[in-house]
Amino acid sequence: MAEVIVVTSGKGGVGKTTSTAALGAALAQTGQSVVVVDFDVGLRNLDLVMGAERRVVYDLINVANGEVRLQQALIRDKRIETLYLLAASQTRDKDALSEDGVRRCIGELQGKFDWVICDSPAGIERGATLAMRYADLAVVVTNPEVSSVRDSDRIIGLLDSKTMKAAKGERMEKLLLLTRYDKVRAGRGDMLNIDDVLEILSIPLLGIIPESEEVLRASNIGAPVTIANPQSAAARAYADAARRLNGESVPMTVPSNRQTLLNRLFGRRAA
Amino acid sequence: MTIATRPPRHSFRFRGRNFLALVLRPEKPLPDWLADLDQWLERSPGFFTGKPLILDLAGLDFSRSEIVEVLAELGQRAIRILGIEGADAAVLDDSLPPLLTGGRTSGSVEAVDAIARKPPPARAAPKPAKAAPPPKSAASAAPAKAAAAGKAAEPGEAAAPAKPADPAASANDDEPAKAAEKGESADLPAAAPPVTQVPSLLIEAPVRSGQTIINPDGDVIILGAVASGAEVIAAGSIHVYGALRGRALAGAYGNESARIFCRRFEAELVAIGGYYKVTEETETGLRQKPVQAWLSGNDLKMASLDQAENEREIATWRKS
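Residue numbers (the working numbering), protein chains in the order written: chain X, 8 to 278; chain G, 478 to 797.
Worth flagging that the hints you see were computed from the coordinates, not collected in a lab. It cannot be assumed that every hint is accurate.
In the DSBU-like style, the derived pairs of lysine-lysine whose C-alpha atoms are separated by at most 35 Å in a straight line are [to be verified]:
{"#": "1", "chain 1": "X", "residue 1": "K18", "chain 2": "X", "residue 2": "K190"}
{"#": "2", "chain 1": "X", "residue 1": "K18", "chain 2": "X", "residue 2": "K119"}
{"#": "3", "chain 1": "G", "residue 1": "K778", "chain 2": "G", "residue 2": "K766"}
{"#": "4", "chain 1": "X", "residue 1": "K169", "chain 2": "G", "residue 2": "K778"}
{"#": "5", "chain 1": "X", "residue 1": "K18", "chain 2": "G", "residue 2": "K505"}
{"#": "6", "chain 1": "X", "residue 1": "K190", "chain 2": "G", "residue 2": "K528"}
{"#": "7", "chain 1": "X", "residue 1": "K169", "chain 2": "X", "residue 2": "K18"}
{"#": "8", "chain 1": "G", "residue 1": "K528", "chain 2": "G", "residue 2": "K766"}
{"#": "9", "chain 1": "X", "residue 1": "K85", "chain 2": "X", "residue 2": "K175"}
Just chain X, with the same shape it has in the complex:
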């Protein structure tokens, strides 16, 4: 039975889609079967980041509404055999998703894969709440700046009240993924530092992804950063986060591109 993860944030542009693709690819690289599901109906992006935009025929809405079989809508990645994409519809909007349809679709995916990773739309409305509804675990993507942190806090509140797990009285597990972190700027006080963010959100840390040009380059060539440039700092940070999701214990560091002796000595440990 697959673990269902929702990648969410409240605020837009913090790196939900990038993180979904990178974590999905990193998990699939270990040989497990992974499906990434784009819940951003009407503003789909995950297909672009995955480099599958020319192969989308059917989408999540078609499957959720029972118009096609799941097998027809799943798109297999060309680089990693065990990685699949279920795209969102670009022509419909979030109202086209029914709660019942989402439940059936997630249930079916759970039977076929080891990991189901849902890329939530920004905001706190229907699309976002449907994406988190049937998740077992939430990855809260946050940038080290006040507006993103406050929005994440809001989303954590919703995760504790609007998910199936919360409705059943169970504890919804939430992990923080801090993205676009710049050690130098945080040191100067231009950015919140890791301890501030952890203190405000008070949820466990899954990983710290450094600000990196590689991320932008990767999405431009249509590949998750963990495939496009596995040696880059961001890719290594995502790979570490994926190993933590797998249950491995990996020391918390901020990988850096310039691996000088000083950087290695002062590799930041958080939490």
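Knowing the structure of chain X, use the given hints to seat chain G on it.
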């Protein structure tokens, strides 16, 4: 002879206003419901004065004549209805209040309900005129709180900023409150003890942005932090054993002896009994410190908890 033409108006400007409307929901049989309402009004004369009121008929099978009857009965009690919600549009004609749609439930209204549902208080419970709903929206919070504290029947007066407080308003409010107290003590046997048992609400998790914690009966104790954008409202005191970054409104139903305590003060707004301060008005020296806030007359005071201790020590030292 001059011929003046008015410059053509290209646009017409409208302004938006937010009011917190109270929703009345009649129940059948009507005479029983009206009797309950009369009982409630007896305890809280003037509660509805100046407040926008909506009649909620959703799911109730009221005919046109019944609606007219309800409105007439309410009219006799000086309760005027602004609009009707959830009724069949075909039933309402021009002589009846308009049909309203798109209303959103507000947490504060629930708080009012909670008070309204209480059994008749056998004690000096919340002074009726003070039982104004706590504010919901950021923009209206402060003036609305002023209304709660000012308990003024006139909206204009109520909208005056709470700090510096209007002495006239506070003089006003005391009167109905005292009257109500007197009325109550006349009804009650002299032996009725003052209330001591007030339920407090204990929250063991952080209060997240966007969440509202309301205890319309007593204190609120929070073991985690109160995030920026969260709101804690209590009839009594508020204790936060983490950082207070959101809003805290203690004594929201008029208890002016309520206090706010927090371990780390970074609040957006603190209010007690309707008197409020926003971050900008607080001493910067108090930020991130353990702080308590209390009401001294019309002034909302704040001090570091450590400092209060210092002062007490000095006071006792002087006495000895």
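Quiz item: Can you give the numbers of the hints that this structure goes against, from lowest to highest?
Solution: As far as the earlier hints go, 4, 5, 6, 8 and 9 are violated by this structure, in ascending order.
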